[in-house]
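For the sequence shown, the positions run -18 to -1, 1 to 655 when mature numbering (1 follows the signal peptide of the UniProt record, and there is no 0) is used.
Think of the hints as simulated: they come from the structure by calculation, not from any bench. For glycine and all other residues, C-beta sits at the position ideal for the given N, C-alpha and C. Keep in mind that the hints are not guaranteed to be accurate.
Said to hold, decoys possible - The following label-pair restraints were derived from C-beta to C-beta distances: (1) Asn195 to Glu160: 22 to 28 Å; (2) Leu194 to Thr248: 45 to 51 Å; (3) Asp375 to Glu160: 33 to 39 Å; (4) Asn337 to Val177: 18 to 24 Å; (5) Thr588 to Ile352: 53 to 59 Å.
As the list claims (entries may be wrong) - Taking lysine-lysine and the BS3-like style, the derived pairs with C-alpha atoms no more than 25 Å apart in a straight line are: (6) Lys122 to Lys167; (7) Lys365 to Lys385; (8) Lys167 to Lys530; (9) Lys122 to Lys245; (10) Lys365 to Lys167.
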Amino acid sequence: MKWTFLLWLFVTLAVAAALEATSDKPTVLAQKPSLLTHALNDRNGGHDTINGNVKIQGVTIPDPNDQTGNPELIVRPEGVENGDGDGPPVRPDGVEIGDVDGPAVRPDGVEIGGGDRSPEILPEVAEEQLIVNTTHGPVKGVMVKSETTINYYDIPYGRFRNKFEAPTDPAPWTIALENIKHSVKCPQLDISTYVGDTDCLTLSVFTRTDNLNASVLFYIHESDFSTGSGDPDVYIPEGLVNRGVVLVLPNYRLGPLGFLCLKNSTAPGNAALKDLTLALEWTWNNIRSFGGDPMNIAVSGDGASAALAGYLALSPKSRTYISKVITDSGSALSHWAIDRNPIDRAETLAALIRNQTQGNTLNEDLFRAIEVEKLVTSASATKLRPCIEQTEDGAFITETPWKILSTQKIDISFIIGTANHAGLFEALEHDEDSISDLNEHFTNILPNDLSFQSTAEMNDIGVNLRKQYFGEGSITLEQSEALSLFHTDASYLGPSLRVARALVNSGARVYLYEFSFVGTRNRKLASLNDPPGFGAVRGDIIGYLFPKELPSAVVLLIDETDQNTDQNEETAESRIVDTMADLWVSFLETGEPVAEDIVWRPLNLTTDASEEFLSIRNETTVAVGVHPDRLRLWTDIYEQHFVERNAGIGIAAGNYLAAVAVALVGFSKVWVG
């Protein structure tokens, strides 16, 4: 009996000690492989592990063997099992986050789910911030305006040691980086005030809690190569993100930091495009953690950023990350999108830095030593653009865009379009003096990518163009619509169509559109005092792709000659927003733009009068012939006088190639150099 009693006492004490040792160690999420690993494998097709933790949809679930704990609420997308049904799931610190009889709560008492929800299904994330582990460090997202969307602001993707060299990876970090809004800008001038910081190579990601292999839109902000940032107040993410798109808004170097091109080791050129390439690489490597599909990344932009998107699609350095491209009112073939004489531009800038008009011999040490603020301020009147680099390691592009289009296979799907009055801003920059010069020396307006055998030959071209757009009489400021069409055809519509045809020839699928709708969301047009009623301008499409709520008192600007003013204006505008969202999102997902009652077919190289394009106006319809009456003359001019000889594309008889860019070259009011 004595030994029996002692044995009973020993067992009792051992059991009590074991219960006491484990009483403060609650069951944690991811306790049972059958509910975490297997269920999440079924949902997500596999998972990654980071330091022993499971990473699903950008949320890190702790390893059950990890003793460090995590004081923050661990959450996952709705529909993922998080318990075994035997008791309430808890955080590693022991706080219960839900039970079968009542709503799940946060430690501060805020309910995050109802009692009628199964204990094995975690409710939707509500007002919580989630952590994602990127290749360089953890980042913490913030929820705004929605219970399902998460915004990750200003994530570092790169850095640069010297002003003009290619970027490298950012310094790694270990503490979760949390930014509650976008605030980072690269150095630039805000009118005449210097703003920004060199520690600016960041991007923002906007996603949903339930995204899984979602299509990705990598949108490059418009900059005119010198201003702006990936600002979600401009490129409002909610509309596209709520349709299941992951949106990425990158920053990149601007002005002289991004585009000074000395063609040497000091400033090889195209730093901005190298920034964007690194941002694309970051997106490729990390976007799956945000619910995106790295195999389905579309690059897009408008104006100058459309040209940058085109360069990214052409360069082998960046093309590998891209599956689709969408551009509006800008092209890599626009004359303003390439600097064929970057050394001359650099010498001009050097003279401005020295504050003198002579002795502007290029000195590399000047650019190495100058402070960034003085450099940016000195370059305010100098248009710096992409260049063709020397053939060296690290070069972004060493051949002209036209040569690449003519010789390489580009297996990417494109949407390419233009506002019907994309050139209005150039037209409105004319004054009495420039109009007088135009009447006396019309050939000054011809682009810098044309060449002629003689002055007489050049004058003949000028006479034909002038007659087509302005008639026989003198040009006047009152002919603003004709001036707008001239600049639209020369700088935007022509080169975009020319790129489209070349891409089709290289094996790409291309969808064309023209945007002419005028409404309250035409932000650029609305920025003008007393805007004319010709149509949309470049950048106007942004208000419809990235819509925001508008005051009900705002009145639509309606072109009475082109739009049905009897229709309900709000309904017409909402219809444009919805139709464009349907088309763009379906294209992002499948490569084919689809919307109700619209059959938008890809470009087919037949004749210029029979090419189909989508006309986006009050009634969005498929139209035929992209203004061949205006573009045929440009076609003839570029077939004979383009600086890159033999530039024609061999297609069926009766076909006409589109015009390449022309703008106000020679008028310092518009372009420098």
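| task | Kindly indicate which numbered hints from before are broken by the structure, ordering the numbers from low to high. | result | Per hint list: single violation, 9.
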